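Given next are the chains, with one letter for each unit.
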Amino acid sequence: MAPAAAAPDGAVGQDGPDAAPADVEMMFGVPLTHSRGQVVLHPGRDGYVDLVRDLRTAGYWMCVDLCAVDYLGHDGERALPPGVAAERFEVVTNFLNQTDRSRVRVRVQVPADDPTLPTLFVLHPGVQNHERETFDLFGIRFDGHPDMTRILLPDDWEGHPLRKDDHLGRIPVQFKGAPSAR
Amino acid sequence: MSATETTETTETTDTGATGVGANPVDPGGSARADAAVDLGVLDGALDRLTGDESVLRMSETEAEERSGYQPPTDEGVGERMIMNMGPQHPSTHGVLRLVLELDGELITRSKPVIGYLHTGMEKTGEQLTYLQGPTNVTRMDYAAPLFNELVFSLATEELLGIEVPERAQWIRMLMCELNRLTSHMLFMATNGMDLGAVGMMLYGWREREEFLRFLEMVTGLRMNHNYIRPGGVAADLPDGWREHLGSLLDVLPDRLEEFDVLMTGQPIWRERLQGVGVLTAEEAISLGATGPLLRSTGYAWDLRRDMPYLRYDEVDFDVIVGSYGDSFDRYAIRLAEIRESIRIIRQCMDKMPPGDYRIQDKKVTPPPRARIDESMEALIHHFKIFTEGFKVPEGEVYVAVENPRGELGCYLVSDGSSHPVRMHIRGPSFVNLQTLPHLMKDSLLADTVAIVSSVDPIMGDVDR
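Here the protein sequences line up with chains V and H, keeping their order. Position one of the first sequence corresponds to residue 1 (the numbering used here), numbered consecutively onward. Position one of the second sequence corresponds to residue 183 (the numbering used here), numbered consecutively onward.
Some hints here could point you the wrong way.
[To be verified] Keeping only pairs whose Cα atoms sit at most 27 Å apart, straight-line, the calculated DSSO-like set for lysine-lysine is: (1) H:K533 - H:K573; (2) H:K305 - H:K533; (3) H:K305 - H:K623; (4) H:K305 - H:K545; (5) H:K544 - V:K164; (6) V:K164 - H:K533.
[Stated by the list, open to error] Sample of chain V residues facing chain H (criterion: CB under 10 Å; computed from the structure): (7) G73; (8) N94; (9) D143; (10) I151.
No lab work stands behind these hints, which were simulated from the structure alone. Model, not experiment: these values are computed from the prediction. From the three backbone atoms N, C-alpha and C, an ideal C-beta is built for every residue, glycine too.
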């Protein structure tokens, strides 16, 4: 068992996505913030998979949850550490260390003009459904996912309903194969 | 796997649920009789789980088109048959569809197809205020609605930075354990019915209904209660609750003995479940499976004990684990968990403190009815809370509780207004369903029903 990754200066470091200022708390070379007492890591898209691999080695074996947030129209504070630029989408992953009984959350910024992210399937096969759901409802693609298809909505659905600019309440009925009344 | 040594502890083993033991509560210590899992073992499972040997990667449309006979391929794969099971199959607990690839009667690969019950509840959650939120989330896992309300309320309270009064916490615990009990009763009934023990369906339903009647007495509704709300609970326990509940709990242990007679000891029941749908601890962890599914592998993980919320650190109960990770273990764990819930409920009854059932914070909870008649401010607060809702400070938070099926999580993002920017529910059924192809690999078609039933997916929680 690798020691707990609670130490702010993780031993297995690699360079962060941006050279963050020295006063920012770091873990595995990634800037760290606290949200209501919970540990949140902010890797860049390039360092995302490496960070998750380090976390897994450090005992965060279970990827409990993965979801996305659309921050379109959100004009408040996003509590990001300096050096991390806010983008429209954010993919949020929750990891659980069952030996230490601790949790870590990873928030990755995903730009609207290129909504892709590498998959975690190779490390945590359990994210398969979550990544498909995120693709389905947000239109964020996960590169390397073995089955990047819609999961909740029909295959021929148009749009991604959990995006803030999806037409709320004005969705044309999209039942497939429904026989016409006449 | 070294989990077999856990089987000798405590009284739960001699009630007939052989193969399942209890892991004594040990909140601080690390001496857990766990299945041996380390990173090497996990990596070993990874190849198996990420490969194409058990999961059929095929879109819904393709599965429809290719349904039927598949001739042998040039690569040496023999004759196969693609079959769609469900979504109307009676054993699929609603609307689960399974695409199965069969070699004769053996299942080679499979894929659960979901979404038939998707109603966009996470999107709906963004339109509702935090006070209206529980009415929405309670409809997700409809067999355990109070847990949904609980996790949403806990997340909201975490963002607000408030702590609910002690009595409210104990009431929440009491009600949730009752709900766990009814949920497991539902499993007993449907699992029995799926496997041909039709009498069991009536027994399970009968006991569940007794307890639902109690839930109705407290909350006003049998299901979808909207009882646990941010700031506390909707109403105090009614007069006579203690006597009513006590009389129910007095008869239940004898009824559970009947379950044992009907099922646990029966050779047909055991033949049908033992060794069917086997999962290892490392597979469960890699796939994110939690709840009875994970515990059946011998890995003792229960958020109530390991990451306590409410007052679970003040009650005494055992975490039930299995040894073989098969369908029988999952059945026996749920039966034993009903007994553990009775223990917790009795302790809640003994320890129920006096006091307020919701926080007296006029920004979060409506004022008491009597105050509205005498105070203009109270009337205004009441009006504002129910029309525009209360504002929640900016931030994001993830809170998890142990629901009857595993870890139920809620991720809330607030921008400081009275509606969440994002309300995501991590449903245990949604994640646990991913184990199905691995559980069904190389098993008989006839065992599919037993395996699906033992995972106990609630489709409302899967599709949301």
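Here's how the hints hold up against the structure:
Under the criterion of a C-alpha separation no larger than 27 Å, the hint pairing H:K533 with H:K573 is inconsistent with the structure, at around 34 Å. For the hint pairing H:K305 with H:K533, the CA-to-CA distance comes to about 39 Å; that exceeds 27 Å, so the pair is violated. Proposed proximity of H:K305 and H:K623 is contradicted: the alpha carbons are some 35 Å apart, above 27 Å. For a cut-off of 27 Å, the pair hint linking H:K305 to H:K545 stands: about 25 Å separates their Cα positions.
This hinted pair does not check out: H:K544 and V:K164 have alpha carbons roughly 32 Å apart, beyond 27 Å. For the hint linking V:K164 to H:K533, the alpha-carbon distance of about 46 Å lies beyond 27 Å, and the restraint is violated. Annotation: V:G73 was flagged as interfacial toward chain H, and the flag holds, the nearest CB pair being 9 Å apart, inside 10 Å. Annotation: interface hint on V:N94 holds; nearest CB of chain H at approximately 6 Å, less than 10 Å.
For V:D143, the interface hint is violated, the least distance from its beta-carbon to any beta-carbon of chain H being 15 Å, above 10 Å. Taking 10 Å as the C-beta contact cut-off toward chain H, the hint placing V:I151 at the interface holds, the least distance being around 6 Å.
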